[in-house]
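Based on the sequences and whatever the hints tell you, model everything.
Chains as they are written, first to last, in the working numbering: chain A, 1 to 323; chain B, 1 to 296.
What the hints contain is simulated information worked out from the structure, not anything from laboratory work. Here a beta-carbon is modelled for each residue, glycine too, at the ideal position from N, C-alpha and C. Worth double-checking, as some hints may not be accurate.
Below, a list of computed lysine-lysine pairs in the DSBU-like style, where the Cα atoms sit at most 30 angstroms apart [claimed, not checked]: (1) A/K313 <-> B/K92; (2) B/K186 <-> A/K146; (3) A/K313 <-> B/K75; (4) B/K31 <-> B/K240; (5) A/K313 <-> B/K31; (6) B/K90 <-> A/K313; (7) A/K105 <-> A/K150; (8) A/K313 <-> B/K191; (9) A/K239 <-> B/K89; (10) B/K73 <-> B/K240; (11) A/K258 <-> B/K84; (12) B/K151 <-> A/K313; (13) A/K125 <-> B/K89; (14) A/K43 <-> A/K286; (15) B/K92 <-> A/K55; (16) B/K189 <-> A/K313; (17) B/K84 <-> B/K96; (18) B/K240 <-> A/K258; (19) A/K313 <-> B/K84; (20) A/K55 <-> B/K90; (21) B/K101 <-> A/K239; (22) B/K240 <-> A/K313; (23) B/K191 <-> A/K239.
Negatives, chain B to chain A, calculated, CB over 10 angstroms [what the hints assert, rightly or not]: (24) C27; (25) C30; (26) E38; (27) N42; (28) T59; (29) D66; (30) K92; (31) V137; (32) E140; (33) A165; (34) E169; (35) Q176; (36) G204; (37) I237; (38) F245; (39) Q259.
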Amino acid sequence: MVQILEFEREIFALENQIHELVSMSHMYDSVGDITHEIGKLHKKVRHMKHDVYAKLNGWQKTQVARHPDRPHTLDYIGYIFTDFIELHGDRHGGYGPSVVGGLGKFGDQSVMIIGHQKGRETQEKIHRNFGMSQPAGYRKALRLMKLAQKFRIPIINLIDTPGAYPGIDAEEKGQSEAIATNLFQMIDIDVPIIVTVIGEGGSGGALAIGVGNRVLMFEHSVYSVISPEGCASILWGDKDKVVQAAEALQLTAPSLLKLGVIDEIIREPLGGAHRHHKRTAILLKKALRKNLHDLSRLSPDELVHQRHEKFRKLGEVGFEVGA
Amino acid sequence: MYWFDKIKKKTGLGKKFTEAGEIWVECKSCKEQIYTSELAENLKVCPKCDYHFRIDVWTRIHQLLDTGTFVEKDKGLVATDPLKFKDSKKYKDRLKTALKKGATSDAVVTGPGSIEGRPVEVCFFDFSYMGGSMGTVVGEKITRTIERAIKNQMPLIIVSCSGGARMQEGILSLMQMAKTSAALSKLSKAKLPYISILTDPTTGGVSASFAMLGDIILAEPEALIGFAGPRVIEQTIRQKLPEGFQRSEFLLDHGLIDQVVHRSDLRTTIHQLLCLLKNDPVFPAEVNKKQKGLQV
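And the structure:
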């Protein structure tokens with residue numbers, strides 16, 4: 001079943017009408033030639049989509065970013081990379097199914113691909129824990145990044161998680177330590193790391209694979225220190241104040257570009273990535289190719305240096321030196 | 001003003017007893033009434049049950065460092081509210097209120113000092129300033145402290161006491177986790193020791209970055225330490241949490257920290273560790289009795 005978001009309703013209604021008209025014109029000759037009419041309606045739909053998607057607020061973007069039909073890591077892997085082999089486990093007793101990773105080819109270049117996986121069908125969602133990783137997922141990611149470093153293979157990370165899993169076992173196994181260690185070690189990996197937020201960038205669980213030389217973000221994805229729901233319930237004392245919270249958090253791609261947290265916005269096909277998987281994947285592929293090419297000019301030392309500089313500067317807009 | 005108000009004002013009678021203390025306070029753990037002076041003398045630890053009260057940043061500095069050796073740095077760094085954040089209150093106003101309440105410029109006080117004569121760079125979290133939350137100023141002060149430690153070849157100590165990242169600075173707060181951790185990787189390469197002290201509470205973005213990256217990690221007894229807050233976990237899994245969950249002793253049991261250290265032993269333990277790490281002789285570091293109970 002297709003999930004329709006509140007602000008997409010009118011678009012869908014019109015699309016359905018067009019669909020009906022077309023099938024009617026096929027069934028009854030008496031309808032006559034309505035190609036012109038249908039063409040006009042198609043144009044109207046395009047305009048509507050354009051208008052609606054150009055004006056999405058933070059909360060609406062959050063809904064698009066979480067859309068169950070939005071392409072996930074494994075979808076992109078299927079479209080963009082060849083000869084993919086998944087690699088499992090953190091080698092410390094953990095499997096970490098909310099994060100997938102493995103080797104594959106990007107054109108003729110071997111790459112390590114790592115990303116959160118949310119799952120689409122109920123059973124997969126449960127298996128993937130809705131993309132909320134246990135410490136094992138982050139430890140696996142780090143293991144794979146070090147493997148990539150050893151063989152001088154560039155790393156491509158895809159972020160799509162509501163956040164790190166808040167559970168008893170996660171705490172017992174050191175959720176904080178796992179995330180902290182990734183931040184601490186990823187910064188010094190001396191092969192190119194390109195990070196792309198493909199859907200939801202949820203706090204520490206996102207950042208745990210987010211320390212890249214380049215951080216890209218899809219047009220309708222979000223990246224935030226806390227979910228709008230969490231923020232609303234803590235600061236407003238009302239978990240329904242999500243619209244205000246999402247607005248205040250400035251979690252959309254243009255805001256983050258302005259704050260210097262991301263480097264580039266990847267456009268999505270009109271109507272969002274969830275309607276056009278393949279076309280979205282092509283756009284991601286183009287962006288990855290360009291960035292990989294740029295980074296391939298840097299030496300291992302320069303890559304590490306560039307990453308350190310990039311993260312050292314973050315937050316400069318947030319403070320000033322007073323008296 | 002009525003006559004009894006005047007008496008109340010003069011004597012302090014009838015006032016609500018707060019932790020900062022009037023004549024006596026109630027222990028949050030064993031409910032015992034303790035004289036404020038006795039509590040202060042005991043480093044704000046309940047003499048009956050050893051409950052560690054949360055202490056203010058200057059008391060902490062006084063307890064941990066040699067008297068008069070601390071020099072505060074980067075005092076003038078102030079948050080600028082880049083997101084123009086507003087919930088029920090403007091972030092700008094919250095900052096102003098927090099500034100009025102405390103004497104510090106943000107939720108962390110940083111600078112060099114010494115412990116038993118050994119120079120150290122230290123960061124002390126101030127929980128009274130917006131729950132010790134980490135925004136850009138906290139991240140920057142900690143990063144600068146680490147950079148000073150590298151430059152001057154000094155060990156680093158961070159005493160954490162924080163609810164995590166500061167929501168009002170959005171994604172920039174999150175990025176401070178990466179910024180501080182990156183700085184620590186440089187400290188590590190310079191082979192300088194970093195001792196992380198976890199106090200009640202150390203959660204969220206602070207625990208998921210520098211607090212868990214110490215070469216040595218020590219925690220005060222029964223401090224709440226974890227990634228997710230207990231309420232969030234309870235709501236997620238819809239179960240009651242086991243007793244002692246996410247307390248220092250629980251973390252010790254799960255191999256996540258090196259030791260649980262009583263507040264009265266903290267100073268000597270740090271000193272001992274620094275000596276051992278540097279292969280220096282460990283002198284018996286007696287806690288200066290006179291220093292113990294003094295208030296700043």
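Status of the hints after comparison with the structure:
1. Taking the CA atoms of A/K313 and B/K92, the gap is about 23 angstroms. The hint holds against a cut of 30 angstroms.
2. The hinted pair formed by B/K186 and A/K146 meets the criterion: a straight-line CA distance of about 18 angstroms does not exceed 30 angstroms.
3. Of the supplied pair hints, the one linking A/K313 and B/K75 holds, its CA atoms being roughly 20 angstroms apart against a limit of 30 angstroms.
4. Only pairs whose Cα atoms come within 30 angstroms are accepted, and B/K31 paired with B/K240 is accepted, the gap being roughly 24 angstroms.
5. Among the hinted pairs, A/K313 with B/K31 is inconsistent with the structure: their alpha-carbon atoms are about 48 angstroms apart, more than 30 angstroms.
6. Between B/K90 and A/K313, the direct Cα distance comes to roughly 26 angstroms. Compliance with the 30 angstroms bound is thereby established for this hinted pair.
7. Among the hinted pairs, A/K105 with A/K150 is consistent with the structure: their alpha-carbon atoms are about 17 angstroms apart, no more than 30 angstroms.
8. For the suggested pair A/K313 and B/K191, the alpha carbons sit about 24 angstroms apart, so the restraint of at most 30 angstroms is met.
9. At most 30 angstroms may separate the alpha-carbon atoms for a hinted pair to count; A/K239 and B/K89 meet this at roughly 17 angstroms.
10. Taking the CA atoms of B/K73 and B/K240, the gap is about 44 angstroms. The hint is violated against a cut of 30 angstroms.
11. Restraint check for A/K258 and B/K84: satisfied, since their Cα atoms lie roughly 14 angstroms apart, inside the 30 angstroms limit.
12. Distance hint between B/K151 and A/K313 is fulfilled; the C-alpha atoms sit about 19 angstroms from each other, no more than 30 angstroms.
13. For the given pair, A/K125 sits about 38 angstroms from B/K89 by alpha-carbon distance, which is inconsistent with the 30 angstroms threshold.
14. For the hint linking A/K43 to A/K286, the alpha-carbon distance of about 28 angstroms falls within 30 angstroms, and the restraint holds.
15. Distance check on the hinted pair: B/K92 and A/K55 sit about 28 angstroms apart at the alpha-carbon level, within 30 angstroms; holds.
16. Between B/K189 and A/K313 the CA atoms are separated by roughly 20 angstroms; this keeps the pair inside 30 angstroms, and the hint holds.
17. Under the criterion of a C-alpha separation no larger than 30 angstroms, the hint pairing B/K84 with B/K96 is consistent with the structure, at around 14 angstroms.
18. At roughly 43 angstroms between alpha-carbon atoms, B/K240 and A/K258 are farther apart than 30 angstroms, so this suggested pair is violated.
19. Only pairs whose Cα atoms come within 30 angstroms are accepted, and A/K313 paired with B/K84 is accepted, the gap being roughly 20 angstroms.
20. Restraint check: the Cα-Cα separation between A/K55 and B/K90 comes to about 25 angstroms, which is no more than 30 angstroms; the hinted pair holds.
21. For the suggested pair B/K101 and A/K239, the alpha carbons sit about 29 angstroms apart, so the restraint of at most 30 angstroms is met.
22. A threshold of 30 angstroms between alpha carbons decides the hint, and for B/K240 with A/K313 the separation of about 42 angstroms lies outside it, so the pair is violated.
23. Annotation: proposed proximity of B/K191 to A/K239 is violated, straight-line Cα distance about 46 angstroms (limit 30 angstroms).
24. Interface exclusion of B/C27 from chain A stands, the closest Cβ pair being 27 angstroms apart, more than 10 angstroms.
25. Look at B/C30: its CB is around 27 angstroms from the nearest CB on chain A, clear of 10 angstroms, so calling it non-interface holds up.
26. The claim that B/E38 lies off the interface holds: its Cβ sits roughly 35 angstroms from the closest Cβ of chain A, which is beyond the 10 angstroms cut-off.
27. With a minimum CB-CB distance of about 30 angstroms to chain A, B/N42 clears the 10 angstroms threshold, and the non-interface call stands.
28. At the 10 angstroms boundary, the C-beta of B/T59 stays outside the reach of chain A, the nearest C-beta of that chain being 25 angstroms off.
29. B/D66, annotated as away from the interface, keeps every beta carbon of chain A farther than 10 angstroms; the closest lies near 29 angstroms.
30. The claim that B/K92 is not at the interface with chain A holds, since no C-beta of that chain comes within 10 angstroms of its own (minimum 13 angstroms).
31. A cut-off of 10 angstroms between C-beta atoms contradicts the statement that B/V137 is not in contact with chain A; the least separation is 5 angstroms.
32. Interface exclusion of B/E140 from chain A breaks down, the closest Cβ pair being 6 angstroms apart, not more than 10 angstroms.
33. The Cβ of B/A165 does not lie farther than 10 angstroms from every Cβ of chain A; its closest approach is about 5 angstroms, which violates its non-interface assignment.
34. Its closest Cβ contact with chain A, about 6 angstroms, brings B/E169 to no more than 10 angstroms, contrary to its assignment away from the interface.
35. The beta carbon of B/Q176 is not kept farther than 10 angstroms from every beta carbon of chain A, the shortest such distance being approximately 6 angstroms.
36. With a least beta-carbon separation of about 8 angstroms from chain A, B/G204 fails to lie farther than 10 angstroms from that chain, contradicting its non-interface assignment.
37. At the 10 angstroms boundary, the C-beta of B/I237 falls inside the reach of chain A, the nearest C-beta of that chain being 6 angstroms off.
38. A beta-carbon of chain A is positioned within 10 angstroms of the beta-carbon of B/F245; the least distance is around 7 angstroms.
39. Every CB of chain A lies more than 10 angstroms from the CB of B/Q259, the least distance being 16 angstroms, so the non-interface label holds.
The structure fails hints 5, 10, 13, 18, 22, 23, 31, 32, 33, 34, 35, 36, 37, 38 (numbered hints given earlier, in ascending order).
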